[in-house]
Amino acid sequence: MRPQNLLHQPLTTQKCTLGCPILDRCLGGAIPCNSITELVAESGSGKTQLCLQLSLSAQLPASHGGLSASSLYLHTEFPFPFRRLHQLSTNFRSSYPCYDHDPCDNILIQGVHTVDHLLDIMPRIESFIKNSKSRLPIRLIVIDSVAALFRSDFENTPGDLKKRSSLFFKISGKLKAMAMSFGLAVVVTNQVVDLVAPDEGINGLRVGNLGCLYSSGRRVCPALGLAWANCVNSRLFLAKDDEYVHQNNQLVNGDDGDFVSRRTRRWIHVVFAPHLPNLSCEFEITSKGIFGVER
Amino acid sequence: MEISRLPISASQRGKLISGGYTSLSSLSSVSSFALASDLKISESEAVEILKVASRGSRLGWSDGTNSVISGAQNAWDMLHEEESLTRITTSCADLDNILGGGINCKEVTEIGGVPGIGKTQLGIQLAVNVQIPREFGGLGGKAIYIDTEGSFMVERALQIAEACVEDMSEYSRFLRNDVQACQVKIQPKDILENIFYFRICSYTEQIALINYLEKFISEHKDVKLVMVDSITFHFRQDFDDMALRTRVLGGISLKLMKLAKEFSLAVVLLNQVTTKYTEGSFQLTLALGDSWSHSCTNRVILYWNGDERYAYIDKSPSLRSASAPYSVTNRGIRNSDPSYKRIKMM
Numbered sequence: 001m002r003p004q005n006l007l008h009q010p011l012t013t014q015k016c017t018l019g020c021p022i023l024d025r026c027l028g029g030a031i032p033c034n035s036i037t038e039l040v041a042e043s044g045s046g047k048t049q050l051c052l053q054l055s056l057s058a059q060l061p062a063s064h065g066g067l068s069a070s071s072l073y074l075h076t077e078f079p080f081p082f083r084r085l086h087q088l089s090t091n092f093r094s095s096y097p098c099y100d101h102d103p104c105d106n107i108l109i110q111g112v113h114t115v116d117h118l119l120d121i122m123p124r125i126e127s128f129i130k131n132s133k134s135r136l137p138i139r140l141i142v143i144d145s146v147a148a149l150f151r152s153d154f155e156n157t158p159g160d161l162k163k164r165s166s167l168f169f170k171i172s173g174k175l176k177a178m179a180m181s182f183g184l185a186v187v188v189t190n191q192v193v194d195l196v197a198p199d200e201g202i203n204g205l206r207v208g209n210l211g212c213l214y215s216s217g218r219r220v221c222p223a224l225g226l227a228w229a230n231c232v233n234s235r236l237f238l239a240k241d242d243e244y245v246h247q248n249n250q251l252v253n254g255d256d257g258d259f260v261s262r263r264t265r266r267w268i269h270v271v272f273a274p275h276l277p278n279l280s281c282e283f284e285i286t287s288k289g290i291f292g293v294e295r
Numbered sequence: 001m002e003i004s005r006l007p008i009s010a011s012q013r014g015k016l017i018s019g020g021y022t023s024l025s026s027l028s029s030v031s032s033f034a035l036a037s038d039l040k041i042s043e044s045e046a047v048e049i050l051k052v053a054s055r056g057s058r059l060g061w062s063d064g065t066n067s068v069i070s071g072a073q074n075a076w077d078m079l080h081e082e083e084s085l086t087r088i089t090t091s092c093a094d095l096d097n098i099l100g101g102g103i104n105c106k107e108v109t110e111i112g113g114v115p116g117i118g119k120t121q122l123g124i125q126l127a128v129n130v131q132i133p134r135e136f137g138g139l140g141g142k143a144i145y146i147d148t149e150g151s152f153m154v155e156r157a158l159q160i161a162e163a164c165v166e167d168m169s170e171y172s173r174f175l176r177n178d179v180q181a182c183q184v185k186i187q188p189k190d191i192l193e194n195i196f197y198f199r200i201c202s203y204t205e206q207i208a209l210i211n212y213l214e215k216f217i218s219e220h221k222d223v224k225l226v227m228v229d230s231i232t233f234h235f236r237q238d239f240d241d242m243a244l245r246t247r248v249l250g251g252i253s254l255k256l257m258k259l260a261k262e263f264s265l266a267v268v269l270l271n272q273v274t275t276k277y278t279e280g281s282f283q284l285t286l287a288l289g290d291s292w293s294h295s296c297t298n299r300v301i302l303y304w305n306g307d308e309r310y311a312y313i314d315k316s317p318s319l320r321s322a323s324a325p326y327s328v329t330n331r332g333i334r335n336s337d338p339s340y341k342r343i344k345m346m
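For the record, the sequence lines run as chains A and B. Last residue of the first sequence: number 295 in the UniProt record's numbering, and the count goes up by one each step with no gaps. Last residue of the second sequence: number 346 in the UniProt record's numbering, and the count goes up by one each step with no gaps.
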């Protein structure tokens, strides 16, 4: 056994861009390799959008912040958003006209139904990555979403919860081992549940930089609990909030009887990450994709 | 008694003890003639006994302090030794205060907390601080960093190393501006080179590495810190036999304690938290169970108090229970903002 010499590796971990320079700058370069990044959000916040966009931008060369790699997209919620992927890839092609091939060729999709199915296909994934004959090697794995695998098969009894948490560590252990041997970036998405508990003091359940996670005006916390929080390296929270704006663009409270419009604002927060401080960034979702906003 | 360790016959031994010769030092000053007349044995027998006794004392069976068991020390010597050992600073004065100056060598310290509280940050900070040269009050040693989770980011370690070198130059400029300033010879890249980084991916690799550490450290005598981040990750997968897990963990903790004592280094283990159902409510507790909680000399728990990070001494034979705030900045672990500062003694 020999220790790794830290100076023989590049002095910054390689990262995969998200396709938007503002978001990349906010997240310290975006998604790092050799670790698991978790995206937590309630439904409709943009997790899948971000994952699709990431799968496309991973194909960019390192000079543009990408990994020159294809990606493996494991989805647990059906159906897979093919139409949206097609829309995003058309935009990708028009932004980077020098790439003549169809970017969708480099996104490999696999549906996963249960946890056992996921554990079964892990060895196949590993051999597939090793002997990949596609044009670009696989260096990004997306699992969208990991919560859906666990939320129906397990009861709320201590025995089942214990089994469930040992499965978390097993899956996370295998993903991390693969990430290390092949230099992969792994992104998993997670759902949220409502939170009704206090989280102060030494028994508190506060995890990370944000005391409370708010989305759509409700206090939420990531699903799958404390055990899963120990399995990921970084956690990013996507929040959304509806604002009611008066026609002169002032905020409104109460009903004025005047014409008001509703605007959805979205933020991405760093809940915890070994290389990032407490950062937040606002973003918006357009037909062309997800882009950071600097106000 | 040392006499009982001499390879002499039982009757000779009995005669020696009843004659009042109970320790090797009492035999060192007696002549063979006096011994023979005292014990009523022949002079040749007495010469033989004295020869064996002198051989025994040359082999180190008795040391000058008259101890009964080899390797034992008296408490006075131990106190002196402990006071002369430098501790590893955490770069946060409040945290150093409650730790009695920093992380102690020859002990196993366990640090646990929820995800995102700063365990890996503290680990990297200690791996950098152990390398602070002796002229600046540090140990000038190297560090072994065992990473089981993949949270170690080289750029973060470089950032912390650069901040440490800057702080050292600032300190030397501030204090020694009349004398030739003690140039900080160590550079951030040297600091990174002195961290022996191991990345392990399964519990079998973890066990094998810890077994290998003794050999590694005897070849690299200047290692002064062994940091394991985290000790729990690979052990929380399903072990069909929990008793096996307890035995394996017990073996690991014994080896680590032995390493700490034998090579006079600090062992720091980072642990995760889990919830335990006690007295009708769920409480946060460090993972790996109750039997593991006995395996470490000191235990520190990191937790959130409002918007601040706090460290709490949960178990220590020599430190009192106290908590102190700290913060994680882009330069590493530092004191928390003075407007919030409070140290609570319990």
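These aren't lab readings, by the way, just hints derived from the structure by calculation. Bear in mind that the values here come from a model prediction, so they are computed numbers and not experimental data. Heads up, a few of these hints could be off.
[Stated by the list, open to error] Derived BS3-like pairs: lysine-lysine, alpha-carbon spacing no greater than 25 Å straight-line:
no., chain 1, residue 1, chain 2, residue 2
1, B, Lys185, B, Lys215
2, B, Lys258, B, Lys276
3, B, Lys276, B, Lys106
4, B, Lys221, A, Lys162
5, A, Lys170, B, Lys189
6, B, Lys255, B, Lys189
7, A, Lys133, A, Lys162
8, A, Lys163, B, Lys276
9, A, Lys174, A, Lys162
Status of each hint after checking the structure:
1. Annotation: proposed proximity of lysine 185 of chain B to lysine 215 of chain B is violated, straight-line Cα distance about 30 Å (limit 25 Å).
2. Between the alpha carbons of lysine 258 of chain B and lysine 276 of chain B the distance comes to roughly 30 Å, so the proposed pair goes past 25 Å and is violated.
3. For the suggested pair lysine 276 of chain B and lysine 106 of chain B, the alpha carbons sit about 31 Å apart, so the restraint of at most 25 Å is broken.
4. At most 25 Å may separate the alpha-carbon atoms for a hinted pair to count; lysine 221 of chain B and lysine 162 of chain A exceed this at roughly 43 Å.
5. Between lysine 170 of chain A and lysine 189 of chain B the alpha-carbon distance is near 35 Å, which puts this suggested pair outside the 25 Å criterion.
6. Taken as a hint, the lysine 255 of chain B and lysine 189 of chain B pair is broken in the structure, with Cα atoms around 31 Å apart against an allowance of 25 Å.
7. Straight-line distance between C-alpha atoms of lysine 133 of chain A and lysine 162 of chain A comes to about 40 Å, which puts the hinted pair past the 25 Å bound.
8. A C-alpha spacing of about 15 Å is found between lysine 163 of chain A and lysine 276 of chain B, which places the hinted pair at or below 25 Å, so the restraint holds.
9. For a cut-off of 25 Å, the pair hint linking lysine 174 of chain A to lysine 162 of chain A stands: about 19 Å separates their Cα positions.
When the structure is compared with the earlier hints, violations turn up for hints 1, 2, 3, 4, 5, 6, 7 and for no others.
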